[in-house]
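Colleague: Chains as they are written, first to last, in this note's numbering: chain F, 122 to 399; chain X, 154 to 674; chain R, -18 to 317.
For the record, the hints were derived by calculation from the structure and aren't laboratory data.
Worth double-checking, as some hints may not be accurate.
Unchecked claim - Reference listing, derived: stretches of chain F covered by chain R, where coverage requires no fewer than 3 residues with Cβ under 8 Å from a Cβ of chain R:
no., region
1, 230 to 237
2, 333 to 340
Stated by the list, open to error - Label pairs and their in silico Cβ distance ranges:
no., chain 1, residue 1, chain 2, residue 2, range
3, X, S226, R, L143, 52 to 60 Å
4, F, F307, R, R(-12), 50 to 58 Å
5, F, M124, R, V169, 25 to 33 Å
6, R, I142, X, G539, 49 to 57 Å
7, X, G395, R, V88, 26 to 34 Å
8, R, V184, X, N655, 32 to 40 Å
By construction, the Cβ of each residue, glycine as well, lies at the ideal position given by its N, Cα and C atoms.
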Amino acid sequence: MLMLKKFLRDVPAVLGLLIVVIAVILALFPGLLVDNVDRVNRGDILQRLKPPSPDLPFGSDDLGRNIFDRVVMGTRSALTISTLVVSLSMIVGVPLGLIAGYRSGWVSSAIMRVTDVFLAVPQLILAIAIAQILGRGATSAMIALAVTYWPFFTRTVYAETQKIRASLFVEALEGYGASTTRIMLFHILPNVAAPVIVRATVGMGFVILTAAVLGFLGVGAVPPAPDWGLQISEGRKYLPVHWWYATFPGLAILFLVLGFNLLGDGLRDLVDPRLRRS
Amino acid sequence: MKFRQFLLAATTCLAGSMVHAQSTIVWGESTPKGLDPHVVYDVPMQLFMLNAYDGLYRYVGNPPELTAWLADSHTVSEDGLTWDFTLKPGITFTDGTPMTADDVVYSFQRLLELGQGPSGGLTPVLQPENVSKVDDLTTRFVLDKPYAPFLAVIPLVSILNSKVVMEHEVDGDKGTAWLASHQAGSGAYILDPETYKPLENVDFARNENHFYGWDDNPNPVDVVHVPTISENSTRILSLLRGDIDSTDGYLGADHTAQIEGSDNAHVQRDESMRIMVIRMNNQKAPFDNVDFRKCISYAFNYSGFIDVILGGQVARNVGPLPGNLWGVPEDVAGYSFDMDKAKEHCDAAREAGVEMDRDMKIHIQAHLDQTTQVAQLMQQGMDELGLSLEIVGDTWANVTSSTASVDTTPDMWIHWVSTYFVDPENWIGQMYDSQFHGTWKASSWYTNPEVDTLLRQAREETEQAARAELYKDAYRIIVDEAADVWIYNTVAQRGLSNRIENFKFSPVGSGADFRWISVSD
Amino acid sequence: MLLFLIRRLILIIPVLLGLLLLTFLMLRLGGNDPAAAIAGDNATPEMIERIREDLGLNDPLPVQFWDYLVRAAHGDFGVSAYSQRPVGIDILDRLPATLELTIVALVLASVLGITFGALAGIWRNSIFDHTVRVVSVAGLATASFWFAIMLQLVFSMGLEILPLRGRLPTGWTPPPDITGLYLVDSLVTGQFATFWYAFLHLVMPAVTISLGGIATIARFTRSAVVAAMHSEYAAYEQAVGYPRRRILMPYVLRNSLVTPVTQIGLLFGAFVSSAVAVESVFDWPGLGSYLVEAIFTSDFNAVLAVTLVIGAIYGVVNILVDMTQGLLDPRVAETM
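All chains should be built: construct the whole structure from the sequences, respecting the hints.
Modeller: What follows is the structure in structure tokens.
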């Protein structure tokens, strides 16, 4: 309760939460704003490249599709990709971090060396290469991002686990004869949950940005998907006359990522007062 | 060493034209991947080949005319097997070395032995040892069997300075490593190897001593910069601001409108020979069924694409030959956008037991807008028929390597067939003769023994009128069987600054032959 | 310190080897055909097969990897399928452009980030502080390629005050190649017009890349300044009656710099990442646009070599950051 109160006093964090909640609602029920969800990839070719107007709030694109509808639908694809990537990375990264942090010896160092290799080059570079190899498409982009993102969770969890492991209560538990699995699952995991949640929230924003770059470079989502990065790269070809085409999808990315970042900052302040933005 | 020659050429240019300053233009077109004309064989290569090198013959103008270039003349034996080409006397390479038949023999043998680049058109009929020197100026070619398009492919072979290339040979590579970033030819323009940065820039200076002379051109271009500009919208803005003098020749309607309103640039339109095709894998169900293919052919909104998206600036092309080439039958109407007929044919296919419920895939070249637009229109049409088509983003390198076998060839993919040489063989011949299966041009895996026979006869027949009849027959059958979906023949649209005069378009190289261009200032 | 440096440098090697193995396996198992890429358009299946044989692509994978390592150790990274030139030469040609861009962006990010952050920390809760906070949060949420396009739209296409693309005006002769960094080379040789143009061309790409960096550095500097100002030492000095400026300069700022410097190191990765997309937008002839092109043309050798080079630079930068940290904070130096 106290936590909630504290959180509610943090205006930017509440704003972030609001953005994220609205985005999730739109992703689940785009029909709230889009007239015909199934026809979002259809366009009236005679209405192509029309500037914003009351009927077409964001204008229309080169195939005469309603850009507003497509931007709204883009929320779904952005959230789907980022949720899946972050969950996949957590599923892989968290257990590895737990094991590496709890055990010592070759298992631990093997895990951490592999992590080093993945972190030795910027994620985007690796992700582009993997996505290209797997063949273009949202699925390959997703796998590529997950493959490059899990080490961050491993790192975070590893550091936390080591800290906790050195603490007295773990020694006590070991003294009681509690099994390793039990200690890891019921005692260490809950204690690393907070930093993992913060990492995951910020990671959502990061993944949305990276997925957009992949879409922009042509190794991510494939037309006619209403992907934001893809829309920007298509719209770029019609600058400067048809400026609205590339502008609005970019603003959408900005808002959603902003939402996750603000929320992530707020959560971090809650769980880790040391990093408090005084 | 090469650079000093360049400087020399550049200074002679200066000295020779004291009256007016050096004229410089900036040409915003793509440069080829690697500069060896016997290794690289793609559309951007034409820009380099036409300026840095010469061939025995050259295509000039539109419609392209096969013009004796380095060769003075040629003779063919009665049986069509022995061809003699005689060089014009007094031709020199850019380093001053005289060109002889030795260079011609070396060049053809090098091309055939490397087996890359444009050699594909020659290897089936010409062995390296059958190219020989008759005298200092005459070279003899003895073909294995008659091959009518032989003269048509001659312009593809650049004549290299054999002495210079051999000097740079490393480990028997025939100088390929060196020639990938240098020039050893006789062309009208001289590459400055210092400025050559792949995907960034390349500069040329005019060759004062080019064999053709410059009398026809009072204000030739002295220096040409060719920077790599990746995006069309950037290219157009650069043109409008006067930073560059030419875009590439593939502008769309949305772009030309921007240029049309400008005071310092205009749009140059030329009917080309470059057809856009949606390929269908004729050996993969349901595309192996004629009715199904016809259904697809009727389900594409040709006029929506051509008239609305492309602003009516290209001509509908109903079959596998550019409409402005010989060998096209007048009596073939082709397919139009007609959903009723599409349904009829799909129903017929369904009755015949064709399973068409699977997810079909169409591969696009992600960087090329028009392939995306065509795929989406195709998707809309098929959607209405209850057929599912998924768009797969892909690259040229990837699709063309997947077309090596039936199983890896996509259900459908989209590309253009440009003019490499001006002969029906370049299109219908290499696209539908089953002997070319495994190459990207023949990626519909179309097989019809009757068509094979017609196309092979046309290849060996020497009389053009007779060849035309054979091609017309093959054309009718292929269109009737709806082997692919043919869309349009390109009208090249290029933004040019108003300084450029005497731009001479040709479907081969799309007019990037700088020697004809004059500049006014 | 020297020992530390050597030890760290040696530690990079296994990581780079691992990275190379990873990329190698991915590229080779991915079903791309480098032979087809090299053979180019209009190649017949026989040509492709011959190239595959020549390149040893039919050998078992471990043999191929070993061959690659041996050649790479001799500085031979193979031939680029795109340019048909040795990949090493292509990379050397393009590396300076990326270095110039990232260095300028890094300097920009550090100067602006530290200035804004420090001022925001000193004037805590002022309007300036709030503005910096809002802008930096937004800066971190912006897709750099989109921001680049928007800058082009406004400053090149709309206002026409900044160049649209490239490193210099088309046709302008680059300065003599001394370092490859146009700003430095033109200054050294006294070509001031070239310097000015090179600078103008750098503005938008560098601002775009540094955007996220400015935001991060500003945030960390701000909190570090706030923490240092609240520390007991500062309170003591203030109590003793030192003028505010004297406390701020040597003590607060020096102690506040440690965190941002660490961040700058971490940011380098982010910079290289955004350089990939941003270079493509601005036709900047660096490694980023080279990598994108290499990936699209299945240019196997180029992708491997660029990844390796970026990994190596990344490793070296991280070591440099650790050393700078040591210089700024004696406590860290002791552990070296």
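Colleague: Taking the hints in turn, state whether each one holds.
Modeller: Checked hints:
no.	hint	verdict
1	230 to 237	holds (count 3)
2	333 to 340	holds (count 6)
3	X/S226 <-> R/L143: 52 to 60 Å	57 Å, holds
4	F/F307 <-> R/R(-12): 50 to 58 Å	40 Å, violated
5	F/M124 <-> R/V169: 25 to 33 Å	59 Å, violated
6	R/I142 <-> X/G539: 49 to 57 Å	54 Å, holds
7	X/G395 <-> R/V88: 26 to 34 Å	33 Å, holds
8	R/V184 <-> X/N655: 32 to 40 Å	39 Å, holds
When held up to the earlier numbered hints, the structure conflicts with 4, 5 and fits the remainder.
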